[in-house]
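From first to last, the protein sequence lines are chains A and B.
According to my numbering, the stretch in the first sequence is residues 315 to 683, in order.
According to my numbering, the stretch in the second sequence is residues 18 to 424, in order.
It is worth saying that the hints were derived from the structure and are not from the lab.
On a predicted model such as this, the values are computed, not experimentally measured, just so you know.
A hint or two may mislead.
[As the list claims (entries may be wrong)] Once the Cα atoms are required to be at most 27 Å apart in a straight line, the calculated DSS-like pairs of lysine-lysine come out as:
id, chain 1, residue 1, chain 2, residue 2
1, A, Lys531, A, Lys682
2, A, Lys611, B, Lys210
3, B, Lys75, A, Lys611
[Claimed, not checked] Covered stretches of chain B (chain A as the covering partner; in silico rule of three or more C-beta atoms under 8 Å from a C-beta of chain A):
id, stretch
4, 22-34
5, 69-75
6, 160-172
Cβ atoms here follow ideal geometry from the backbone N, Cα and C, with glycine treated the same way.
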Amino acid sequence: MKKLNNVKHNKPVLQMGKMLFAMAMALQLLFVAGCKHDDLSVALPNENIRPAADFVKNNYEMRLFYAALQKTGYTEQLNGAGPFTVFAPTDEAFNRLGIYSTTDFDKMNVDSLKKIIGYHILPRKLMVNDMPSNGIDVRYATLTGPELYLSRAAFNPNGGVENELYIDGVEVIRKDVVVANGILHLMDNVLKPNFNKTVQQWLAEHADYSVFVKGLKKFNLWDQLATGTTFTIFAPNNKALEDVGITEASLNALETGKYIGDRLFGAYILYDRHFFISDSQVFSLINNNGAYNYFLKNDTHYMNFGGGKLYPEFKLGYSLTLRSGTTISDIILNSVTSNLTAKNDNLCSNGIVHHLISGLVTPEQALKK
Amino acid sequence: MKNERILKTELTRLSWLFATCLLLLNSGCVKVEYSKIDDPAYLRVFNNLNYVQTLGSKDNKVPFFCMLINPVLDGNGMPTSAEIVGDFLDQRDAYAPPYPSHIGTSTSVNNPEYPGKENVLVGPILNGFDLSSWAQVPSGKMRIMFAYRPKNTVPFFQLENQQKKDILIDTVLNLTSKEVYTLHVLQKDFVTKRTGLLLRQEVFQKLPLSDSLTYVNFYNMSAKGYWEADKSLKAEDYLMASFQGGMKDEMNVFLSLYEDQSILNAKAATIPGFKGKYLANVKLNTATSDVSPYVSFPIWASNTGNGITTSMWQRFDFFVPGMDISNNPFYEASTDNGGNWVSVNCLQNGKVRMTGNDNAAILPNLLVNIHSGVNNPKTFATVNTIEVVNGRVYLTTVQRKYAPPIY
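Go ahead and model the full structure; you've got the sequences and the hints to work with.
Set out below in structure tokens:
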């Protein structure tokens, strides 16, 4: 203080004071500046991204899907506010169902087509990252109402990354396409929901499986298929049953008392489970084990079910191997690999029906001893 | 005149300084609300409903819960809030460590126990035992709910309404102030799939336990009918080795102490006097909450231990009464023994398998070897609980407060 009052030394002190003052000011400025949060200028989103229906329209890979959208009157809604998630099947997917041109939709009942097309659309935005990792059968309500089943393989037991996505057993071949009002995923096949139809009704409606149906009826396995329990049916068509020596005529001649029905026709029924073929693939990725082994109901014979991507097309298929017992040395009755992907995964109210390309059991193999 | 000017400058400067200080003080102010629970009880919760994701079990409900204590329900019986929420309660880990150390290393929200990763008030040091793995909860009667929740990262109360209604357990517990409890969510019957709770009032903090002995007690909290059930109904987990199939309802436990946990062989040298030593009898019990008696072994049993650290490890063999290591009829690597013989090795961090033939599940060493004071590592005696639940075996370790490391 003494020095401060000394006029002689006043100037340097004053200068130091000024400097301090300036520094204090600068410090304050820094504080204020530090608190200021400018709005970051983010690049404006591309306003030219098209809404979902226009996007589908402008992609020639999805011409048939667009025709279906038009036919069912979804185009306007899909160009609306959203958000939507569209699972769009490719033209190839429709081709596999025998739909080759836009006029083919004219032959269909518009209401049922609308239900099925609406089942491919979710009234929400769902990107792959929003789906639970390694989630199995995660259900999402569709525009039609009923839920679809989503399974996603995201990582394997060793922690490695997997990236496969299946909807109702159908592989998503291109994920997360951003459109103006949502997301689009490209599907390898058309979803096949049957809503309130049971597996029994489904089989009854398909003339291709009439021998199988007749056999089920003959061995008292038919009525259960209308009940509420769950079934996975590996349905052999008439041609497939012919391979194992079963035709309509031979069925008429068959004496039921001599044969084990739970083997002859029960072999095609998996009780209390609903498996999409893709489930096997997903579990082989996330759990290293996609197989499921089970005894046939009321029989000693043992079935091995396994699915996955089959060489050389790497499309989903499955195999069934029927043995006389559980061990590896037991006799293999038959082993069938079924690869008609587009005809599998028919989702019914009480289970799933898959197409089987060849029969499993000959009548001789099911004889009672 | 000049003086006046100086005075004026001084004043301005001072006022500026004052303003700066005020600014600093103000910006440094944070309002901290400390929570406090009067008369707490100490609670640790384990979800013993385990699962393995397989094709055959894909339709089973995943036992992934949100625990709600004193929930508030709306008119439809849907919880809207709760006094204490233990969300993302996953199946328990094989090892429940003395400190909630999984907080530091985990990036997932899934909680292998409560409190675990939850940021809540935890227990104090009671009689030397660190209760930081126990949460403080209000004592007295409380309503507790375990609600199924989807396995994702969305907090329970932000889930869609229809996902909040699936309640597994809704019951009332009565906790006494300042007591230590462990609560287990269990499957009580393997055939009927009946589940329930088991609340155990722990006593370790009241016992006069020596700090040169390691204590352990055993429980079999398996579901009734598990070991009898067909193999195809049980989850396969090769890491659980002989435990996969479960063990019989009454078993004798034998202890072997091995000299060196760096030698990964169950035929390695054991400590004299500790090879297949009878330790305890364990019976299946999911109904009563009695604490099993603690049995002990000295931590300095080995001659190679130097009073600071020892590399001893433990093996527990569970045999059906009448059988022991001397008349064991099974091959040493036999894992499928009809529930007559199961075993577990406790060494290192519980992740290493034996190199030779062996049928044991693996768990961490009961002894805690950790840097404390100038010693790295220093071996500490602990109090342990080994619980067998269906095809799995779990270890819970409680440790006394120890001196921090000096580097």
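Hints, one by one, checked against the model:
1. A:Lys531 <-> A:Lys682: holds, 19 Å
2. A:Lys611 <-> B:Lys210: holds, 22 Å
3. B:Lys75 <-> A:Lys611: holds, 20 Å
4. 22-34: holds (count 7)
5. 69-75: holds (count 6)
6. 160-172: Holds: 3 residues of the stretch 160-172 of chain B have a Cβ under 8 Å from chain A.
The structure fails none of the hints (numbered hints given earlier).
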